[in-house]
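Chain by chain, the residues:
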Amino acid sequence: MSNQIFMATSINTAGKSAGNSIRRDLSFYDATIGKKAVMAATGVILFGFVLVHLVGNLQIFLPPDAKGIFKIDEYGKFLHSMPAVLWGARSVLIAAVMLHIWSSISLARMQRRARPTAYVKKNNAHSTYASRTMMLSGPIVACFIMYHLLHFTGGQVHPNYIETAVHHNVIRGLQEWPAAIFYIVAIMLLGTHLYHGLWSMLQSLGVSHPSYTPMLKASAKVFAFLIVVGNISIPISILLGIVK
Amino acid sequence: MRLDSKTPSGPVEKRWDNCKFENKLVNPANKRKYSVIVVGSGLAGGSAAATLAELGYNVKCFCFQDTPRRAHSIAAQGGINAAKNYQNDGDSIYRLFYDTVKGGDFRARESNVYRLAQISVNIVDQCVAQGVPFAREYGGTLANRSFGGAQVSRTFYARGQTGQQLLLGAYSALSRQIGEGRVEMHPRTEMLDLIVIDGKARGIVSRNLISGQIEIHLADAVVLGTGGYGNVFYLSTNAKGSNATAIWRAHKRGALFANPCYTQIHPTCIPVSGDYQSKLTLMSESLRNDGRIWVPLNKGDKRVPDQIPESERDYYLERRYPSFGNLVPRDVASRNAKNCCDEGRGVGETGLGVYLDFAESIQRLGQHVVRERYGNLFEMYERITGEDPYKVPMRIYPAIHYTMGGLWVDYQLQSTIPGLFVIGEANFSDHGANRLGASALMQGLADGYFILPYTLGNYLASNKLEKVSTDHPDCKQALEQASVSTKKLLAINGKRTVDSFHRELGKIIWDHCGMARTGEGLREALQQVPALRQEFWSNVKVAGGPEEFNQSLEKAGRVADFLELGELMCRDALERNESCGGHFREEYQTPDGEALRNDEEYSYVAAWEWKGPNQAQELVKEPLNFEYVHPSQRSYK
Amino acid sequence: MKLTLHIWRQRSTSEKGRMVSYEMADANEHMSFLEMLDVLNEQLIGRGDDPVAFDHDCREGICGSCGFMINGIAHGPRSGTTICQLHMRHFKNGDELWLEPWRATAFPIVKDLAVNRSAFDRIIQAGGYITTPTGNAIDGNAIAIPKEDSERAMDAAACIGCGACVAACPNASASLFTGAKISHLGLLPQGQPERNGRALRMVQIAQEETFGNCTNIGECEAVCPKNISLEVIARMNRDFLRGSFLWRSGSGGDGG
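Residue numbers (the numbering used here), protein chains in the order written: chain A, 505 to 748; chain B, 4 to 640; chain C, 22 to 277.
Hints listed in this document are in silico derivations from the structure and should not be mistaken for laboratory results. These figures come from a predicted structure and were not determined experimentally. We treat Cβ as the ideally placed atom computed from N, Cα and C, and that holds for glycine. Any given hint might turn out to be false.
[Unchecked claim] Which residues of chain C face chain B? A partial, calculated answer using Cβ under 10 angstroms:
#: 1; residue: Glu63
#: 2; residue: Gly85
#: 3; residue: Pro98
#: 4; residue: Gly115
#: 5; residue: Trp119
#: 6; residue: Thr152
#: 7; residue: Pro167
#: 8; residue: Thr231
The task is simple: from the sequences and hints, build the whole structure.
Below you can see the structure in the form of structure tokens.
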């Protein structure tokens, strides 16, 4: 009802003025908020992948069955048995990564344009280290992913890569301590990226409420922590010889 | 000169309607052929500029701040009155009219006040429609409170930021018009002079505060909404930039200045802490609802407050005014505080302060209730003084915060210069000798939204205005004069800074033309101010050059005007041999120490006419008639 | 109290600026920060030097004129406080302080510590209003507004437009400012008819004015003297996304 009353007044002036009447030259993706929404949506996809990927990888801790076949090798075979699904998922992931990176680069350009002169002295009043270093943790994690693919998916940088022998590949690959250290460092950076990103994407999509936001922020931290712990447990266990 | 107030005839409740009907209208298609200059972008100027532009006029609006949203209306805390009677407590337009005339100590024009009360109702509606987030009840209706001792709850408020929210409403309406290209906004621009051609106001001389460029702007009419002149006192609750330059220079071009001695003191401000003090901060008067005001019984008692036993405290307001107690009107509360300090019973390092004590309320109501009611004010006090008012009594002292005087205007808000309209605090019109709490916002918006747009149209429709150009000799003369006086200020290169002159002027005016005045003191001030002015023009040191962002130069021009206006205030106060409202002459008081009016001889508006530099202004009287509210003596015993 | 002040001095927008150091011997703990600068300026004028320019007006924390960086924090070390209400008792003898203007492409420096914030005005001009010409209003009580909505609108409307949010943001984003106005009007029934278009236009103009994007880190919220919450940014994002999806080209309406 109230809408109608106020509508009437705006129609009244519509005839008088054309100056500010709705102009929209900015497409959705041209707007920073549009780009942030794309980053958030692709972030959700990538986080989903990280979670599923971790659950899959934790099978490394399972012992071999009676025939001496490792669970994780079976899991690998299972994934490869559905090439359409596998490549479908891979395409979605590649597209998400590309969009995520491309949006972040174009936003960063706008940021530089927004403040070309730095402060002589700048302090931070509140923000977390994780939130301020998204543009550092992001690219390093991206490099790691490339390496990770060449390491375990393609095998090009692996010392002794055997197609489909997942268990062997992982153990052998991470027994090399420089590779394991890089793995650990990259996971920690992924953790900081998620620490801020998991909550930030909700904010970018407009989800915020004083009753739920603290809870969402806390669960973002818990998820980031679990992702780090889960992933790091693998190289550490291998380095310590717990998993052979 | 004879003053014609152009008050319409008929019963008071019909006068504004009659006036609107009799006023000539500008044909809608012709409105865009007229241009109007509005100086000032506060509640009055901002609302006027927006409304005139909505009607179709071409508007140019000027403000000295970096954006119109910062005008000093923003600092008003308490609220805005409207005779809505939403609380069903017996309020009415007539009651608001009656309260305002009486509160103004019978020195305001009845017709103007009635119109103000009538319009108050529309203002609140307009502001709600603009999205002003007024306080609401749980049921969703508008909340009200009683304010400044009023016996009905008619004050609408938005927390302690009512002025800010109303200003943002006017600013948003103005912004819409700027966005639509109907208002040309000139921020960081100061008016230096009024251009009068063939006896009519036709434009202004302005200075761009960033580039220093002095320019002419011409129009068919000029509106001043530039606020009050409280900063004559140097220390006031006004913003640092608030100044009288626009109205003073218009005065020097022929506009009469009315009732300059009517200034209002607010009793609950944070006291001065040292010589470096640059301004005073007001705290809402609502504090007096629960705080008890006292000073030590004996003079020179320097003990900390909790060491002073009850028997050695003087709750002087409760003692002298048993029925109103701490809630006596502003002027009474202020004068009593001054008297206690004059007796040597003031508190704090400077001895200029009295205690406002919440200990008893905290005990009676609990700290949480006190926090709920006054939490933000306590925080503000703590932020400024570093003392915690939950533990130590607040110290308060009165300060200047509003000026009822201003340029004389008739019922149409037109000054004695045709085509020059004055609105808001800059005019003298509606408050008489004393303004009621929560009425300043009401007046500014009434003038800007609902009165000026009608009366300005009448002026434009009834006058044939020739086209003028900037080549006109009067334009050239005004431009030349502005640039010469700027250069003159910079060339003096003396020894004293502008601020040091301003501080000294403020002290003279505060001591002799402040809360309590005497003939002797005023005569002394009338010696001191001209001498100080003379020294200013030979010994001031202004930094920087004319064609740059030069805050020192801006101040110098404003202080030069205050040095002239201060003198006029003292003359007006000396001339008025009575006490009324904010003007208290010690010689004229009842045996109880209350203001003693002299209606026989002083029931008039004192309007002063400029007669040239270093010549005394001439007094012109506009008699006041009271047909509805008959003068009576105030009593708060 | 003695202080060393390093102040950014820049004569005009086009000239280059630099930090200049001053010894301040006469500070006193009861002064406000701006009063301390007044004392410095009186001394500079006395010596024939150019006083430091800074914006200020009401000096009671409501007009939004004042603001600069003190040691890299907008409005200085005390939260919820504008510089004009920051008192010297929060500093100690011997402190060294760096004073710099807000830095953003959208806020060109006028002189020294004063910047031009008219980009904020242009964002408001793009839609920070309710179209309701004078005289059209219905009775103030004709629409009941839940107390909670009104209070939340007031929380957002408390913004004083000082620009600290932009100054503190590593991306010089105006999201807190823009979000506050969008939330203030969007939370009220009067603001509904123009809600979608308002968000689209204001966001667009903020971007055209070269303000950066929001990365949700919360520096703005931390320095805001009026404690405006990040929630207003989420609300702006929501209204923008909603407006984008409901948009009909050439409709001339608000798509809602």
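Verification of the hints:
no.: 1; hint: Glu63; verdict: holds, 5 angstroms
no.: 2; hint: Gly85; verdict: holds, 6 angstroms
no.: 3; hint: Pro98; verdict: violated, 13 angstroms
no.: 4; hint: Gly115; verdict: violated, 20 angstroms
no.: 5; hint: Trp119; verdict: violated, 22 angstroms
no.: 6; hint: Thr152; verdict: holds, 7 angstroms
no.: 7; hint: Pro167; verdict: holds, 6 angstroms
no.: 8; hint: Thr231; verdict: violated, 18 angstroms
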